[in-house]
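As they're listed, the protein sequences go chains U and S.
For the first sequence, my numbering gives the first residue as 1, with consecutive numbering after it.
For the second sequence, my numbering gives the first residue as 1, with consecutive numbering after it.
No lab work stands behind these hints: they were computed from the structure.
Here the structure is a predicted model, which is why all the values come from computation and not from measurement.
Hints are not guaranteed to be accurate.
A short list of chain S residues far from chain U (calculated; beta carbon distances all over 12 Å) [what the hints assert, rightly or not]:
{"hint": "1", "residue": "M31"}
{"hint": "2", "residue": "M60"}
{"hint": "3", "residue": "N76"}
{"hint": "4", "residue": "V122"}
Beta-carbon label-pair distances, calculated as ranges [claimed, not checked]:
{"hint": "5", "chain 1": "U", "residue 1": "M1", "chain 2": "S", "residue 2": "D112", "range": "33 to 43 Å"}
{"hint": "6", "chain 1": "U", "residue 1": "E62", "chain 2": "S", "residue 2": "R130", "range": "36 to 46 Å"}
{"hint": "7", "chain 1": "S", "residue 1": "V103", "chain 2": "U", "residue 2": "K70", "range": "48 to 58 Å"}
{"hint": "8", "chain 1": "S", "residue 1": "E109", "chain 2": "U", "residue 2": "V9", "range": "26 to 36 Å"}
{"hint": "9", "chain 1": "U", "residue 1": "G65", "chain 2": "S", "residue 2": "K71", "range": "20 to 30 Å"}
{"hint": "10", "chain 1": "S", "residue 1": "G105", "chain 2": "U", "residue 2": "Q31", "range": "49 to 59 Å"}
{"hint": "11", "chain 1": "S", "residue 1": "A2", "chain 2": "U", "residue 2": "R10", "range": "25 to 35 Å"}
{"hint": "12", "chain 1": "U", "residue 1": "D2", "chain 2": "S", "residue 2": "V103", "range": "51 to 61 Å"}
{"hint": "13", "chain 1": "S", "residue 1": "V122", "chain 2": "U", "residue 2": "K70", "range": "21 to 31 Å"}
{"hint": "14", "chain 1": "U", "residue 1": "V9", "chain 2": "S", "residue 2": "K52", "range": "24 to 34 Å"}
{"hint": "15", "chain 1": "S", "residue 1": "M1", "chain 2": "U", "residue 2": "Q31", "range": "20 to 30 Å"}
{"hint": "16", "chain 1": "S", "residue 1": "V103", "chain 2": "U", "residue 2": "K63", "range": "55 to 65 Å"}
Ideal Cβ positions, reconstructed from N, Cα and C, are used throughout, including at glycine.
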Amino acid sequence: MDELCVNCVRETCPIPLIETRKAINAATKGQIIEVTGTHPASKKEIPMAVKAMKLKLLSVDEKDGVWKIKIQK
Amino acid sequence: MAKATIVLHSGDFDKVYSALIIGNGALAMGMDCSIYFTFWGLQRLRLGALSKGHISKMHMMGLGKWFMKRKMKQANVASLEKLMKDFKELGGKIIACDMTMEVMGIKKEDLDQSLITEYGAVGTYIREARESDITLFI
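Starting from the given sequences, assemble the full structure and let the hints guide the process.
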C-alpha cells in the first residue's frame, strides 16, 4: 500500500491540521500518511489530533525547520 | 462522537475567522462541529458576504481591515472562503437562524444556499449544545 503524502510546507494554522484530517479520511485502514510542514505549532498539534483520534503516531522528525510526521490509520 | 457547537453572533471579519478556525480545529481533531449563524453573524451567509465584515477593533473605515488582510496574506493565512470550504468538506454543519431571518427580513434566496446545512432556532441549538463537549458564543 502506498503512503499518502501531504505537503503543508509554508502553510499556517489551521491548514496543516485540516489537510492531515482530509488525508486521514481518504486513507484506508492501516495505510501510512506522511505530513510535511514548517509551521511550528502544527508539529505539536498534529500528534495531539492523532492521539485524540486514537490513531498510531509512527514518527516525528525535523530537519532544517521542516518536519515530517508519520501516522498510521 | 465528541462535539463542538459554536454560536456566531458577530459578523465581524476577525470573529468569523475565530469561529471557522475553531470549527475546523474541532473537525480536524476528530470531533463533530456545528456553527449557528445568528444576528450579525447571519449577515455573513448572504451571497458573497462571508468576508465582507468589518474588523472588531481599529476598522478605521476599512483601513485597518486592509492592513490586517495584507498582514494575513504575508503570513499565508487561509481566506474565509477556503476555511468555509474545508469546514464543509470535513463534515461541519452550518445552521442559519430562522428567527433572525424573520427579524431582519432576510429571505432564503438572499442567503448562500450552498453553505447552509439546515435552518434552526434556539431549540436546535440547545438540542445540539446539551450533547456537546465544547460550546462557544462568539
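Over 12 Å from every CB of chain U: does S:N76 meet that, or does the non-interface label fail? 5 Å, violated
Please confirm whether S:V122 is truly not at the interface, meaning its C-beta sits more than 12 Å away from all C-beta atoms of chain U. 29 Å, holds
Verify the CB-CB distance for S:M1 and U:Q31 against the hinted window 20 to 30 Å. 22 Å, holds
Quick one: are U:G65 and S:K71 within 20 to 30 Å, going by C-beta? With Cβ atoms ~22 Å apart, the hint holds.
Verdict for S:E109, U:V9 (Cβ pair) under range 26 to 36 Å: Cβ of S:E109 to Cβ of U:V9: about 42 Å, so the range 26 to 36 Å is violated.
Does the Cβ distance between S:V122 and U:K70 fall inside 21 to 31 Å? Given about 45 Å between the Cβ atoms, the range is violated.
Please check whether U:E62 and S:R130 have a Cβ separation lying inside 36 to 46 Å. 42 Å, holds
Between S:G105 and U:Q31, does the beta-carbon spacing fit 49 to 59 Å? Holds: the Cβ-Cβ distance is about 51 Å, inside 49 to 59 Å.
State, for the Cβ atoms of U:V9 and S:K52, whether the hinted interval 24 to 34 Å holds or is violated. 31 Å, holds
For the pair S:V103 and U:K70, does the Cβ-Cβ distance stay inside 48 to 58 Å? 52 Å, holds
Holds or violated: is the Cβ of S:M31 farther than 12 Å from all Cβ atoms of chain U? At roughly 8 Å from the nearest Cβ of chain U, S:M31 sits no farther out than 12 Å, so the non-interface label is violated.
Just to be sure I understand the hint, the distance between the Cβ atoms of U:M1 and S:D112 should be within 33 to 43 Å; is that true here? Because 39 Å falls inside the window, the suggested range holds.
Checked against the numbered hints given earlier, the structure breaks hints 1, 3, 8 and 13 and satisfies all the rest.
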